[in-house]
Amino acid sequence: MGATGMVGQTFMNILSERSFPIEELRPFASENSLGKKIELQGQQWPCQVLKDGCFDGLDLVFFSSGDDISAEWAPKAVAAGAFAVDNSAAFRMDPNTVLIVPEVNGDLVNKDSKPQIIANPNCSTIQLVVALKPLLEKFGLEEVRVSTYQAVSGAGQGGHDELIEQTTNHPKPTDPKTFPHTILFNCIPQIGSFNDEGYCSEEVKIMKETRKILGQKDLKVSAFTVRIPALNAHSESVWVTLNKSVSRDEVMAALSGQEGIVVQDEPKKSVYPLARDVSGKDPVYVGRVHRDPENPKMWLMWVVSDNIRKGAALNGIQIAEKIFFN
Numbered sequence: 001m002g003a004t005g006m007v008g009q010t011f012m013n014i015l016s017e018r019s020f021p022i023e024e025l026r027p028f029a030s031e032n033s034l035g036k037k038i039e040l041q042g043q044q045w046p047c048q049v050l051k052d053g054c055f056d057g058l059d060l061v062f063f064s065s066g067d068d069i070s071a072e073w074a075p076k077a078v079a080a081g082a083f084a085v086d087n088s089a090a091f092r093m094d095p096n097t098v099l100i101v102p103e104v105n106g107d108l109v110n111k112d113s114k115p116q117i118i119a120n121p122n123c124s125t126i127q128l129v130v131a132l133k134p135l136l137e138k139f140g141l142e143e144v145r146v147s148t149y150q151a152v153s154g155a156g157q158g159g160h161d162e163l164i165e166q167t168t169n170h171p172k173p174t175d176p177k178t179f180p181h182t183i184l185f186n187c188i189p190q191i192g193s194f195n196d197e198g199y200c201s202e203e204v205k206i207m208k209e210t211r212k213i214l215g216q217k218d219l220k221v222s223a224f225t226v227r228i229p230a231l232n233a234h235s236e237s238v239w240v241t242l243n244k245s246v247s248r249d250e251v252m253a254a255l256s257g258q259e260g261i262v263v264q265d266e267p268k269k270s271v272y273p274l275a276r277d278v279s280g281k282d283p284v285y286v287g288r289v290h291r292d293p294e295n296p297k298m299w300l301m302w303v304v305s306d307n308i309r310k311g312a313a314l315n316g317i318q319i320a321e322k323i324f325f326n
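When you line the sequence shown up against the numbering used here, it's residues 1 to 326, in that order.
Hints may be right or wrong, so weigh each one.
To be verified - Quick list of in silico lysine-lysine cross-link-like pairs, DSS-like style, CA-CA up to 25 Å:
| hint | residue 1 | residue 2 |
| --- | --- | --- |
| 1 | Lys297 | Lys217 |
| 2 | Lys37 | Lys51 |
| 3 | Lys269 | Lys281 |
| 4 | Lys51 | Lys36 |
| 5 | Lys138 | Lys177 |
| 6 | Lys138 | Lys297 |
| 7 | Lys217 | Lys138 |
| 8 | Lys208 | Lys220 |
| 9 | Lys281 | Lys322 |
| 10 | Lys268 | Lys297 |
Stated by the list, open to error - Computed spacing ranges between beta-carbons, pair by pair:
| hint | residue 1 | residue 2 | range |
| --- | --- | --- | --- |
| 11 | Thr174 | Asn326 | 45 to 53 Å |
| 12 | Lys268 | Lys37 | 50 to 58 Å |
| 13 | Ala80 | Met252 | 41 to 49 Å |
| 14 | Lys36 | Ser270 | 42 to 50 Å |
| 15 | Gln41 | Pro95 | 19 to 27 Å |
| 16 | Glu250 | Asp52 | 52 to 60 Å |
Hints are computed from structural coordinates only; laboratory data are not their basis. These numbers come from a predicted model, not from an experiment. We treat Cβ as the ideally placed atom computed from N, Cα and C, and that holds for glycine.
Starting from the given sequences, assemble the full structure and let the hints guide the process.
Okay, here's the thing in structure tokens:
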């Protein structure tokens with residue numbers, strides 16, 4: 001569901017890249033896209049719209065179309081006998097729904113599981129927990145603080161197009177539509193709506209989802225999210241306080257040994273992950289790893305990942321691979 005959107009298109013590309021075995025594809029989209037052909041693995045598949053019985057005979061339905069649609073239709077997919085991998089926030093914090101990043105807690109999903117809703121986490125959370133997983137396992141975590149620098153693609157095609165339009169029309173002013181302020185040459189410290197405590201919804205997602213995925217309900221997590229004028233790939237500066245003091249070599253060995261992580265860390269040569277380089281790639285990239293001079297247990301690192309691939313479509317496909325092939 002959402003086959004014609006940015007995540008949906010990336011989902012199709014990754015299915016092809018990974019030679020995912022497909023007997024039948026049913027792309028679902030809005031009525032505006034009804035009949036539009038989606039090409040995958042050498043075949044053309046016409047877009048359909050959601051209606052009663054539309055999931056009959058399917059093994060897997062991937063949802064990437066908003067909370068309301070997922071809340072209504074994901075249970076119907078499960079009732080029809082399909083696994084529902086949901087990229088919205090509708091079920092993430094539901095205590096009866098697993099929230100999965102395969103490299104971190106993929107053991108909660110396997111081919112013996114019954115059809116169910118499986119929640120795909122927030123894009124910023126996914127890359128963060130992949131980087132935190134080896135540190136938690138080897139040293140324990142006391143506290144995590146993260147400031148994100150999120151690309152416009154996180155707001156969908158509209159966000160991407162708005163930055164391009166403002167860049168093309170500069171210096172002529174263009175009224176913002178997707179974002180609350182002009183994003184060109186700017187940073188906006190708001191992603192989502194604000195609550196009464198001053199946190200925006202993106203920050204709340206990161207804090208709550210991180211604890212759930214890592215299985216650490218008492219972990220101290222604080223987040224501050226910022227939209228920046230990068231087209232794609234989110235960046236994060238992360239402060240991690242471990243449960244014990246360890247050497248830099250131990251930290252680097254833990255990160256380098258984690259599935260899904262690529263370490264790029266030669267700061268004196270200006271080697272560290274960059275959003276422009278990471279865009280279009282699958283791993284989570286980590287660099288600028290260094291100890292806080294005031295606290296021997298606190299480490300700082302820079303975490304970058306493609307929010308449309310690993311932050312959405314790829315993570316969903318990896319979940320599907322866990323269900324059907326592992």
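Against the structure, the hints come out as follows:
Taking the CA atoms of Lys297 and Lys217, the gap is near 21 Å; set against the 25 Å cutoff, the hint holds. With a C-alpha separation of about 19 Å, the suggested pair Lys37 and Lys51 falls inside the 25 Å cut-off, and the hint holds. As the CA atoms of Lys269 and Lys281 are separated by approximately 22 Å, the hinted pair is consistent with the 25 Å bound. With a CA separation close to 17 Å, the supplied pair Lys51 and Lys36 stays within the 25 Å bound.
The hinted pair formed by Lys138 and Lys177 fails the criterion: a straight-line CA distance of about 45 Å is larger than 25 Å. Between Lys138 and Lys297, the direct Cα distance comes to roughly 13 Å. Compliance with the 25 Å bound is thereby established for this hinted pair. Between Lys217 and Lys138, the direct Cα distance comes to roughly 18 Å. Compliance with the 25 Å bound is thereby established for this hinted pair. In summary, the hint linking Lys208 to Lys220 is supported, as the alpha carbons are separated by about 10 Å, within the 25 Å threshold.
Proposed proximity of Lys281 and Lys322 is supported: the alpha carbons are some 20 Å apart, at most 25 Å. Straight-line distance between C-alpha atoms of Lys268 and Lys297 comes to about 23 Å, which keeps the hinted pair within the 25 Å bound. In this structure, Thr174 and Asn326 meet the distance hint of 45 to 53 Å, their C-beta atoms being roughly 47 Å apart. Checked against the given bound of 50 to 58 Å, the beta carbons of Lys268 and Lys37, roughly 51 Å apart, stay inside it.
For Ala80 and Met252, the hinted distance range of 41 to 49 Å is satisfied, since their beta carbons lie about 47 Å from each other. Distance hint check: the CB atoms of Lys36 and Ser270 are about 44 Å apart, consistent with the given range 42 to 50 Å. The given range of 19 to 27 Å is broken by Gln41 and Pro95, whose C-beta atoms sit roughly 38 Å from each other. For Glu250 and Asp52, the Cβ-Cβ distance of about 56 Å falls inside the hinted range of 52 to 60 Å, so the restraint holds.
Hint check: violations occur at hints 5, 15; the rest are consistent with the structure.
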